[in-house]
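J.: Construct all of the structure, not just a fragment, from the sequences and the given hints.
Residue numbers (my numbering), protein chains in the order written: chain C, 1 to 291; chain E, 292 to 662.
Worth double-checking, as some hints may not be accurate.
As the list claims (entries may be wrong) - List time: in silico DMTMM-like cross-link candidates among lysine to aspartate or glutamate, alpha-carbon distance up to 20 Å:
1. E:Lys605 <-> E:Glu346
2. E:Lys406 <-> E:Asp639
3. E:Lys614 <-> E:Asp421
4. E:Lys408 <-> C:Glu146
5. C:Lys102 <-> C:Asp68
6. E:Lys605 <-> C:Asp70
7. E:Lys460 <-> E:Asp621
8. C:Lys57 <-> C:Glu254
9. E:Lys406 <-> C:Glu146
10. E:Lys408 <-> C:Asp148
11. E:Lys505 <-> E:Asp493
12. E:Lys460 <-> E:Asp518
By construction, these hints were calculated from the structure, which means they are not laboratory data.
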Amino acid sequence: MASGPTKEMLAELASRPGRDTIVSTFIKAVFIGLSLLFLAALLFAPLVTVFVTALEKGYEMYFESFRDSDTIAAIRLTLITAAIVVPVNTVFGIAAAWAIGKFEFRGKSMLITLIDLPIAVSPVISGLIYVLLFGAQGWFGIWLQEHDISIIYALPGIVLATMFVTFPYVARELIPLMQQLGNDEEEAAITMGAGGLMTFFHVTLPKIRWGLVYGVILCNARAMGEFGAVSVVSGHIRGMTTTMPLHVEILYNEYNFVGAFAVASLLTLLAVVTLIVKTLVEWRTGYTRTK
Amino acid sequence: MAYAIPEGQVNVRHFLKLRSASIALAALIALSGCGSADDSSGITLLNVSYDPTRELYREVNAEFAKQWQQESGQRLTIKQSHGGSGSQARAVIDGLQADVVTLALAYDIDSIQRKGKRLGANWQTRFPSDSSPYSSTIVFLVRSGNPKGIRDWEDLVKPGIEVITPNPKTSGGARWNYLAAWGSQLHRDLQGDWSKLENPADPQVQAAQAAAEKFVQTIYRNAPVLDSGARASTNTFVQRSIGDVLLTWENEALLATQALGPGRVDIIVPSTSILAQTPVAVVDTVVDRRGTRQVAEAYLRYLYSPVGQEIAAKHHFRPSDQKSLEEHRDEFVELSLFTIDQAFGGWDRAHEAHFADGAIFDRITSVKDAQ
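T.: As structure tokens, then:
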């Protein structure tokens, strides 16, 4: 079950002589200082601002913000979207990683490239493709209207756009892992008479579970936080098609700073929880990202 | 040989986790489903509007829903969508199911009519005052005490004055700003005689148009930033303290002075400006499909009622009804207003000449880049 370098190996590497003579202590200090300065300016300061502004007028006003029906609707929509998108993308991610990691077929490298596409494409474009496909002027627009089906400016469009933006996350975590782990154990299981499903649940899944958890966390964080793509297909109907990030913008533009930052603080908490779980996962397994 | 089931215990644990995860998921979906059934009874309308009308329609919607329930017994929910006027029109063209649109300029509703075929070409004659229940105009916002002494349009091109205005390519309000500035110069040079524009070959008209172009070009040359929308420009001017004067909607200026507290900015009303009509329309294809025509029309008519006009005035929009307007004269300063038809021959011609790709706005701003 050994995967990647062990802690002992890393410690041995770090203690090899010559390390500190290559990089002088002064330069080391400068680099550490620079990194901390960057983190302070780009991460900690805005993080503090979010909570300070949210709590500017006291806890009561802060919690009052969450009683607004449009805010509740935005939170609900975000949860529904994530509840649909994350499981679907998890299944897709496992399937894609399984196909790529376990089999050889034509166009495999093409498939890997395609999976990375949403990360390379601007989210606005990701949203616009669905407008071009399902919009009233789009390819399927007339058919959809005749059958009274709304996709964009409704939940299906928001789910589709979010799904498109977030589908690489699980797959990208699993592909290198599955490739690295190889087929030996699965082949052994099948040789011993295990069926496909049994092999998957008893052999493969336990091997990849932490990578999977990691991918699911990232996918979920991105799904809840996506702004650009959702903004294009949302229609911005208050209380109906605004997700939490969009609702933050609306409140901010209405000079409702406490409300805007209260919702923003929820999204920030999500990010903090994501980071904590991610650290736990890494600590638990010594699982290191190999890119 | 121990490979077949390598870690039995882990698997059991894993399945337990998987099960609890699916229970959590099911609970989440159930929870999310709980509240979403509350719109199933009664009727809903969707009003797709532009940016500065949020506060106005929140109040109008509540009042009208109350009245509609008394009259018809139906429970009515009116949903709002706000954004830049142009992008909202685009969304309706792409299928956003708006029962009514209430946008910043007639050109955007014309686009819905032309590109989306969603309403009749005669939409602007269906309600009084060119289907504009309220209007606004373009005024100046300056720093408290007016340190640069800005009184009228001519002061905007004095050396060292920085003007804040959004980008007319993306913002409806910015187009009104641009046209107000241009028209103010025509108004001065033609002594307010708009009929002279009927003869574009007249040397006096040509000179006036050339002077107006130079004037507008100078304004944009002295603009440090071009934001994408009116509200963003207000934030640039007030929160970030950039620029000496902000060109903006009268309602936006009044709201900013109120929302941001006194003593930070002053409103300057120029001697002349444009009558910025902000029209409303029922989207025929949507109301006929959803069967909401009756309530949608009643909703827009309500905007013309004394209560509707009073709410518009309260949110700093000029009521179209003269009597309501007179009652609020202390807020809505009297000034000489010209229309887009008088000064530019309507939105189509204004768009063609000024804002289309390669038209005057592109030309005068690209000269800026070349320098």
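J.: Please go over all the hints and tell whether each is borne out by the structure.
T.: Checked hints:
{"no.": "1", "hint": "E:Lys605 <-> E:Glu346", "in the structure": "10 Å, holds"}
{"no.": "2", "hint": "E:Lys406 <-> E:Asp639", "in the structure": "14 Å, holds"}
{"no.": "3", "hint": "E:Lys614 <-> E:Asp421", "in the structure": "18 Å, holds"}
{"no.": "4", "hint": "E:Lys408 <-> C:Glu146", "in the structure": "15 Å, holds"}
{"no.": "5", "hint": "C:Lys102 <-> C:Asp68", "in the structure": "50 Å, violated"}
{"no.": "6", "hint": "E:Lys605 <-> C:Asp70", "in the structure": "24 Å, violated"}
{"no.": "7", "hint": "E:Lys460 <-> E:Asp621", "in the structure": "34 Å, violated"}
{"no.": "8", "hint": "C:Lys57 <-> C:Glu254", "in the structure": "17 Å, holds"}
{"no.": "9", "hint": "E:Lys406 <-> C:Glu146", "in the structure": "18 Å, holds"}
{"no.": "10", "hint": "E:Lys408 <-> C:Asp148", "in the structure": "17 Å, holds"}
{"no.": "11", "hint": "E:Lys505 <-> E:Asp493", "in the structure": "19 Å, holds"}
{"no.": "12", "hint": "E:Lys460 <-> E:Asp518", "in the structure": "10 Å, holds"}
In this structure, the hints that do not hold are numbers 5, 6 and 7, in rising order.
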